[in-house]
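J.: In order, the protein sequences belong to chains A and B. According to the numbering used here, the first sequence holds residues 1 to 406 in order. According to the numbering used here, the second sequence holds residues 407 to 525 in order.
Errors might be hidden in some of the hints.
Stated by the list, open to error - Quick list of the computed label-pair ranges, beta carbon to beta carbon:
#, chain 1, residue 1, chain 2, residue 2, range
1, B, T472, A, S321, 31 to 37 Å
2, B, P522, A, E274, 55 to 61 Å
3, B, G422, A, R202, 40 to 46 Å
What the hints assert, rightly or not - Calculated cross-link-like contacts (lysine to any residue; reagent style SDA-like; alpha-carbon spacing at most 25 Å):
#, chain 1, residue 1, chain 2, residue 2
4, B, K493, A, E174
5, A, K156, B, S508
6, A, K156, A, D177
7, B, K500, A, K63
8, A, K156, B, G429
9, A, K63, A, A115
10, B, K466, A, D24
11, A, K156, B, E434
12, B, K500, B, F487
13, B, K500, B, F432
14, B, K444, B, P456
15, A, K156, A, R175
16, B, K493, A, L338
17, B, K408, A, H161
18, B, K493, A, K63
19, B, K500, A, L103
20, A, K156, B, I518
21, B, K430, B, K408
22, A, K154, B, E434
23, B, K443, A, D24
24, A, K154, B, K443
25, B, K466, A, R171
26, B, K500, A, R343
27, B, K500, A, A118
28, A, K156, B, F432
29, A, K63, A, S131
30, B, K443, A, G168
31, B, K493, A, S131
32, B, K408, A, A115
33, A, K156, B, K444
34, B, K444, A, K154
35, B, K408, A, D24
36, A, K156, B, Y448
37, B, K408, A, G155
38, A, K156, B, E433
39, B, K440, B, S458
Treat the hints as calculated values from the structure; they're not laboratory data. Virtual Cβ for every residue (Gly too), placed ideally from N, Cα, C.
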Amino acid sequence: MDLETLYREERPRALATLIRLLRDFDLAEDTLQEAFAAAVEQWPRAGVPANPCAWLVSTARHKAIDRLRRDRNFAAKQAEIAYLSETTSAPDPLDETFADDLLRLIFTCCHPALALEAQVALTLKTLCGLSVEEIARAFLVPPPTMAQRLVRAKGKILRAHIPYEVPGGDRVTERLDGVLRVVYLVFNEGYAATSGDALVRRELCTEGIRLGRLIVGLLPRVSEAAGLLALMLLQDSRRSARVDAEGELVTLEDQDRSQWDRAQIAEGEALAEEAVRRGGAGFYAIQAAIASLHAHAARAEETDWPQIAALYSLLLRLHPSPVVALNHAAAVAMGERLERGLRLVEQIEASGALSGYHLLPAAKADILRRLGRREDAAVAYERALELVTQEAERRYLRRRLREVAP
Amino acid sequence: MKYLLLIYESEQASAGLSEAEQGKIFEEYMTYTKGIKKSGNYIGGEALQPISDATTVRVKNGKTLTTDGPFAETREQLGGFYLVEAKDLDEAIKLAAGIPASRTGSIEVRPIMPTPPID
């Protein structure tokens, strides 16, 4: 394994422990960088140490002490140096300690007292090691704005004393929901957008999955964590089939299924199955089970729509939302119960909850088209076109409109 | 670590409560205050008179200017505060969530800036 890869793997754990020891995000990041520079110089000659993570932490910690000593405000830093020198000369080499620190870091980065966008930025910066420029590019904000966002978040952690710990007792489930939301947001930012830099988007998906694996590794018995990882793997498995050679969006129904990543599907299916079987399946695990059913069908016509509709109905009971209701209605319609699906869509339409959401008239239009009601379908496609903002989706809707237009 | 818990509530809504309801809320505050005194978190706390009694003061070019009313007109008004000692923000949030007004209004949690002691 080359040093870059090794560093990438060890970095989050080493950083998590360093932040606990140094109580300073920036100092930890800087000195870990220096420790890695020292490793690049020493390891090829002396060999990679038995525990590279412990080596990096210990080296970075010494560099931090040196740095504080060099600091002009030596007197003011005395207490801190004394504290640092006291905390055992080498960190506990047990992997368990590193794992605990990693969880502490995850929960701190995703602390609900931080703005959601700051949680996402901090997670990408510290846990994924993305640069400020990379994160700024991914979220289409100027790098100074992103840098400011990170400074502000780290400042709040320090000054408001956001604890560096895994929340205890009943709060852990609630807080884990927040963590998973951040991870899914990272993934979706890469997956849902069809404009922007393709490489950056790809990276966000990869990082989302990487974070998902990290959390499943740390909390192997949490169904929702496994469910989220499964969901991301299954969605991502269709990545290359979602867009055709001309950059046009291809719907699930029309995708070339031979392009789906079979290895990723197998991994996602196994995780989803386990999450559902273990019980406690929630928002992510149920969606993963739905994605599994899609992945399972060799051809679109073989999709088990009744089962998918049943899962959406379960999801709707657990997490009622108009968007889930719309998905449920669409699944019912696809299961050959077109009239019933249409009635459900019309109910949501009447509630006014999704007015302004282009997928509502789009779903209605698709059902009407299948029912052979071409004129009504055209009206609904036109309505969807008024509301859609994404270019690829607009082209898709225009294409459908041409099909039904007289 | 010290935190100031600022209690914001709609004065209009509070004024519309019956005497019995107001009495019940007063009881809740007494219970809450006793609780955080016992747990050692309490440093201080007061309830404020309504904003109709507020005066805002500014000094411009050495001249004191006063205006009737609060600094800013907001939907919810500062109605009182607690100064508490908490281990970290999580504990401060837990204390804030115990204040009766957290259900009807909102509590702003502000860490106190450490400053050197003044003799």
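J.: For each hint, tell me whether it holds in the structure or not.
T.: Structure-based check of all given hints:
1. T472(B) - S321(A): 31 to 37 Å: Violated - the Cβ-Cβ distance for T472(B) and S321(A), about 51 Å, lies outside 31 to 37 Å.
2. P522(B) - E274(A): 55 to 61 Å: holds, 57 Å
3. G422(B) - R202(A): 40 to 46 Å: Given a distance of about 56 Å, which is not inside 40 to 46 Å, the answer is violated.
4. K493(B) - E174(A): At roughly 21 Å apart (the allowed maximum being 25 Å), E174(A) and K493(B) satisfy the hint.
5. K156(A) - S508(B): With Cα atoms ~22 Å apart, K156(A) and S508(B) stay inside 25 Å; holds.
6. K156(A) - D177(A): holds, 22 Å
7. K500(B) - K63(A): violated, 38 Å
8. K156(A) - G429(B): violated, 38 Å
9. K63(A) - A115(A): violated, 32 Å
10. K466(B) - D24(A): Roughly 41 Å separates the two Cα atoms, so the pair is violated.
11. K156(A) - E434(B): Given that 25 Å is the threshold and the Cα spacing comes to 32 Å, the pair is violated.
12. K500(B) - F487(B): holds, 15 Å
13. K500(B) - F432(B): holds, 20 Å
14. K444(B) - P456(B): violated, 29 Å
15. K156(A) - R175(A): holds, 18 Å
16. K493(B) - L338(A): Distance ~58 Å between K493(B) and L338(A) Cα, so the pair is violated.
17. K408(B) - H161(A): Holds, because 10 Å separates the two Cα atoms, which is no more than 25 Å.
18. K493(B) - K63(A): violated, 30 Å
19. K500(B) - L103(A): holds, 21 Å
20. K156(A) - I518(B): Distance ~12 Å between K156(A) and I518(B) Cα, so the pair holds.
21. K430(B) - K408(B): violated, 29 Å
22. K154(A) - E434(B): Judged against 25 Å, a Cα distance of about 36 Å means the pair is violated.
23. K443(B) - D24(A): violated, 33 Å
24. K154(A) - K443(B): violated, 32 Å
25. K466(B) - R171(A): Violated - the C-alpha atoms of R171(A) and K466(B) are around 50 Å apart, more than 25 Å.
26. K500(B) - R343(A): This hinted pair is violated, its Cα atoms lying about 46 Å apart.
27. K500(B) - A118(A): holds, 22 Å
28. K156(A) - F432(B): violated, 34 Å
29. K63(A) - S131(A): Within the cut-off at roughly 22 Å; holds.
30. K443(B) - G168(A): Status holds; Cα separation ~24 Å.
31. K493(B) - S131(A): Distance of about 33 Å is beyond 25 Å: violated.
32. K408(B) - A115(A): holds, 22 Å
33. K156(A) - K444(B): Answer violated: K156(A) to K444(B) is near 29 Å, above 25 Å.
34. K444(B) - K154(A): Roughly 33 Å between the alpha carbons, so the hint for K444(B) and K154(A) is violated.
35. K408(B) - D24(A): Cα-Cα ~20 Å, so holds.
36. K156(A) - Y448(B): holds, 23 Å
37. K408(B) - G155(A): holds, 17 Å
38. K156(A) - E433(B): violated, 35 Å
39. K440(B) - S458(B): Not satisfied, since the Cα-Cα distance of roughly 29 Å exceeds 25 Å.
The structure is inconsistent with the numbered hints 1, 3, 7, 8, 9, 10, 11, 14, 16, 18, 21, 22, 23, 24, 25, 26, 28, 31, 33, 34, 38, 39, although it conforms to all the rest.
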